[in-house]
Amino acid sequence: MLFNSLDFFIFLPVVFILYWYIFRKKIQLQNLFILVASYLFYGLWDWRFLFLIIASTLVDFFVGQAIHKSTNHKTRKGWLWVSVLFNIGLLGFFKYYNFFINSWIDFTSLLGYEQQSSWTLQIILPVGISFYTFQTMSYSLDIYYKRLVPTKNLISFATFVSFFPQLVAGPIERASNLLSQITAKRKFNYIQCKEGLKLILWGLFKKVVIADAIAPIVDDIFANYSEYPASTLILGVSLFSFQVYGDFSGYSDIAIGTAKLFGIELMSNFKFPNFSRNVAEYWQRWHVSLSTWFRHYVYIPLGGSRVSKLKSVRNIIIIFLVSGFWHGANWTFIVWGAIHAILYIPVFLMGRNRIYMNTVVAENKWFPSGIEILQIFSTFLLVTFSRVFFRSQSITDAFEFLKQIFTNFSFESYEHPLGYRMIDYFILLGLFVLYEYRIRKDERAPFKFKSRIVRFIAYTLVILGMLLFYDDHIDRSFIYFQF
Amino acid sequence: MKRLFLKSGLYIFLILISLEILVRIFHLGKDTPTRFLDEHEVEKWLPNQNGFSVTGNRRQNFSEYHINSSGYNSYREFKPTKDKIEIALVGDSFIEGFHQDYYNSIGKKIENEFSDIEVYEYGYAGYDFADQLHLVHSYKDKFDLIDHVVLGIKFSNDLTRYQYQVVSGRLALESPLNRLLKKSKLLVYSKSIGILDPPQRLVYRLKTMLRPIKPTKKISEQEILRLKKEKEKKYLNNFEKLINTYGFDKKRFSLLLDSRITSPLFLSYLEKNQFNYIDFAPLFEASKKSTTLIYDRHWNNNGRELIAKTISEHLKQKMSKK
Chain H
7 MLFNSLDFFI FLPVVFILYW YIFRKKIQLQ NLFILVASYL FYGLWDWRFL FLIIASTLVD
67 FFVGQAIHKS TNHKTRKGWL WVSVLFNIGL LGFFKYYNFF INSWIDFTSL LGYEQQSSWT
127 LQIILPVGIS FYTFQTMSYS LDIYYKRLVP TKNLISFATF VSFFPQLVAG PIERASNLLS
187 QITAKRKFNY IQCKEGLKLI LWGLFKKVVI ADAIAPIVDD IFANYSEYPA STLILGVSLF
247 SFQVYGDFSG YSDIAIGTAK LFGIELMSNF KFPNFSRNVA EYWQRWHVSL STWFRHYVYI
307 PLGGSRVSKL KSVRNIIIIF LVSGFWHGAN WTFIVWGAIH AILYIPVFLM GRNRIYMNTV
367 VAENKWFPSG IEILQIFSTF LLVTFSRVFF RSQSITDAFE FLKQIFTNFS FESYEHPLGY
427 RMIDYFILLG LFVLYEYRIR KDERAPFKFK SRIVRFIAYT LVILGMLLFY DDHIDRSFIY
487 FQF
Chain Z
958 MKRLFLKSGL YIFLILISLE ILVRIFHLGK DTPTRFLDEH EVEKWLPNQN GFSVTGNRRQ
1018 NFSEYHINSS GYNSYREFKP TKDKIEIALV GDSFIEGFHQ DYYNSIGKKI ENEFSDIEVY
1078 EYGYAGYDFA DQLHLVHSYK DKFDLIDHVV LGIKFSNDLT RYQYQVVSGR LALESPLNRL
1138 LKKSKLLVYS KSIGILDPPQ RLVYRLKTML RPIKPTKKIS EQEILRLKKE KEKKYLNNFE
1198 KLINTYGFDK KRFSLLLDSR ITSPLFLSYL EKNQFNYIDF APLFEASKKS TTLIYDRHWN
1258 NNGRELIAKT ISEHLKQKMS KK
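In order, the protein sequences belong to chains H and Z. Residues 7 to 489 in the working numbering are what the first sequence spells out, letter by letter. Residues 958 to 1279 in the working numbering are what the second sequence spells out, letter by letter.
These are computed hints drawn from the structure, not numbers from a lab. Hints are all accurate, no fakes.
Covered stretches of chain Z, going by a simulated chain H footprint (3 or more residues, C-beta under 8 angstroms):
1) 972-981
2) 1013-1023
3) 1147-1153
For every residue, glycine included, the Cβ atom is placed at its ideal position computed from N, Cα and C.
Isolated chain Z, as found in the complex (with noise of 0.2 angstroms):
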């Protein structure tokens, strides 16, 4: 019996080195960038990194990126002058790109519309208005050399909090533990397929049952719609104490959002108060194609030319208007 356990042990060590290696060659797992903590207390990745980002089993999607000496991934250098035209895009996953080759993102698009203007995409996963605010203060004197700044919001989940606080929680990724785990490809990868849910379910499922079990309360439905305005109320709040801390320049700032899930009280909001919104919604209705991609739902390379789209004309727009 001994021999069968040591033989077994042996052979699952040998196979999973192999598994790494070939994970390596193959190069089925995400390199993840390193996050870092500025003077300013702003959230973003360590300059100067480049690495690939992979997306689902057998490499469906697969792109390189490039941190750029801002922290931000691009393949521009954010040097604004007051003599060219920037635009800023300001924003969470969705701008930050990693599911495109970083010379064929959103702001390259939009570049590619124009002859003579810059693009910088400050995008960084799980960034929220706060986030963003907070970003576009802390390096005032580069945004205010910026033209125009576009910022993506959510209103779902962008304005849960009416102050900026370091989120903790995402800089944990970077703890000794997590950065270990992440130089085997392999583990990275078996997580990023799902092949580690499993394990992670059971021992919630261990957890609750250890807990004792809290009696459910049924909710009316009036309930759930108070619940929801109660909600939207406190969200529109939360953007009015945002703006009000940082400030936010009507003439240069919008909005990218998708009016299919915002709340009308917020978009009636805007109006009354003549914040300038972009709303990618009606062509994303309209297109045939599918806009994300399949295993998460991020935007597609459809959907990113479509958020260009969107984004040039409502700066042509604007141009024109000057």
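Okay, chain H solo, but in the shape it has when bound (with noise of 0.2 angstroms):
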């Protein structure tokens, strides 16, 4: 079920309702309701791969049980191994199956044995198992590491692995913000709801408006890079960071409003990574539950920047090949993944990795200084460099779209796929750009307006926004879906 989609608005009032009417006294029976929806949630999807969410929950639930009750390292250890090796392993056979397969194929021709690829697999992968056995993964990793006390109650647990807000497409939860919510008493807030109702129009506008807008022109540069000129090939790599930026991010504010309306407060996911000064910040930004989770349960377990600068600028590399692969099977992502680890080792050489942490682009001031607009325009343009892999089908493709680029250096005005105007996406685009750096300083406010008649504008436009783009012939599903 798509969050921008009419089954969507009529599931979510009618399990809203039920949720705080009928089943608000006891909290087991709220947790069973929700966990009951979520599972019809995913279970419309696919009900097949419902099998595999609680495969993934019995084992991290006896899992961090057995983890807990050990007291011999050796012992927790061996039953960590298990939970990895399963959630690892599921992953493993549907997302990196046929990839593992066809790169051994591929290497062993280059050695000149030819194979045949009668190993490959018709595999579907399952929406969001990237997520939830991550997520389910931090909680054995969690109670490993003896931050975390396991819960005895498995419809919490299960509640926890497969809560519908973020189920297919994240913020990837740790037990401790998530799980702790779920086990406690939760009463109606009326100003959590009202901020939840807000976050989801915001969220439903960047996905509406900004990505979905966007996508047949994305669509069409990528698709034939080789037709067009450079001054084409950037705006179509340009276009594709707002795309991007616009679906994930507009799929994680819905979730995070979803989760409000009933109480829960999930992590924040985005933070305006395009106002960012440099790479860094850039990833202090960007899909954070991701980059907390690689630097929590994998950088840190290395040494961190504890160790030497070798070693660090390793651990570097590491989680940012292991990022990019987490996206997809498939070379683009490790590539996409090494050019942001080069983009990093400097910034993190420089020891300007953690200058920008708790700050936002012109802390008190109205406009960025010059210094500013040059930090934030460089760093979009070198992440925006780095989606040309991100988005190509291969790499061949990528480099190719890359050499269109350099050597098909004109420029010549682009036409529309479906024949809108242009100057309508260029307008809308600035438009969102000054409205975000308006409310730059907290991603979980969108309408925060003192006023009530500027704030009661600002709704009126945004849907008006959605009227004058929604188009129904788009393919509206999210992108990190497919992740």
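Build the complex from these two chains, which are given one at a time in their own frames, with help from the hints.
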């Protein structure tokens, strides 16, 4: 069920009303209800893959208890390996099996051994598998590192794993945040619900107006890149930057907003990454739940930055490569991760990776300084350049795309594949960037205006934007569902 | 919780009102003229209406229409006399031309090709061949004064019936409820860009869920071919029946068609029986520019130019023969 579908707009109010009116008296009933609703939400896409979620839930529930009960370090580690191998095994089979087989065949053919790809399988990638396996794994890891006491309640744990607002594309939650809220009694909070509705509205705007409206242009340019001059290709990849941001951050906002309706606070996933002043800041603002996951469970256990510079650099390379690979079973994502590692390492070596941690651009000022504008622009440019690999179907396509930019360096006006006026999109994106700049201090309050009238105007304009850019013929699924 | 529902309800109401105002200010939704059935049971637009037709979101196609006193979209009044040369274009929405400014219609483009003729566009969305011949027959006095009549025909759509009957489904669009709904420009706009399609699909889905599932029959290719031929024969019979009922002046009447989508059976019938027809397929095929709009398959300005050119050439040939 898509967040931007009619089904969801029927499903959500029904679940909301039943949750607060019928099941509110007992926390156990409320959790059981949310669990059933979450399974229904997922099962409507493909009920067969519910068994994977249930399996992952059961394994980590019992593994978590076993780790906690055991005092022997080896036994604890053994149980942890059960969780890691099971979850990575699920991912490995459903997401990476064909990739490994094909890569092996390619490798052996390079050595002169021709093999047929009879081992590859027709595997459907279960939606959300990369997200919920990481979430369940983090539970076992937290217990292993003694940061968490396991729950004895299977229903609560199952609800934590499959909580429908964040089940299919995150934010990837930690048990310390989400499970503790699920096990506690929740009270209806008007302010929280109001904030939730506002976030849902803003998320829908980003998805319907920014991401979906741009999608046909990006699809056209990447599909026919060999026919376009550099100006069009640069336009295409720049628009893709906005598309993927609108798509994923829009999803996250709807997820966070929906969770708020049920009295749950999810972690922030996007903090206006387009205003980052260097690549390190970008990674503190882009897909925060994944970057912090890798930081906590991969980077720090490897020694993080407390080891020698050389080892720290190695650790950075590892997390970026793994992060790239997490996105998809394609070499393009690994190269994308490698590019980010290359961009990040100089910032790290200069000691500038944490300087913008708790500040926003133009803090306490109306306008950014000239240097800040230059920093933002260059960061956007570098990140956008890396997206050529993120968006291309293959490494060859990505290099051909880049080659076309450098060899066919000319300017031609681009015509929308469906005949729409391009100027509309430039105005739209200009206004969007300005608005995001206005609200840049708080990603959870997109309509933070003192005046009620201004707020009302903002709501109306956001909905008008949806009416103006809605297109029924566009594929409206979320990009990150494929990961 | 009550407060949340009340405030949300109030906000939704106020936002809808604001959107209605904004849609009206920016004229995003189309105006829909009123239909009516005249004394001859000819369905047409209520005379003397003006408005704007809008297609797609963000006013991708915006044009003005003017319904004349005869009930058709044209800058002209239809007053045929014996002294002038008049041409009538009869057809469906393609001839009606709500997708263009009424003063830049196909008729006007044809008039620009000649110095002294008047073109009357009897176009109405949904008119099939039965509607067209019924109209010509009902206004025989007028049509007898018109020198050339061009009837737009799409073989697959316009010959599905052999006798004229009022199409009640079209007139149902003028029901009090529909008229009331059309008053909301926001609703009209939302419907036109497809926002209301998902709820309609949902209702359809629910309906089909309640119905018992019929086993689907597999039809062989031969069977498909046989059914196609049968259909073509039926349409040809309908054509014959209609012209037998209403008459067809082969000297004055010509059919406007696209041979690419017309049955060869029908084309050979027309040639064999010496029906004049104007085929716009060659010009459309040769055109490097698109001939249709982005949002639907109606002709764009280029398409209309080509249609006007084809008709004009045909008329010039006919006139030179005289």
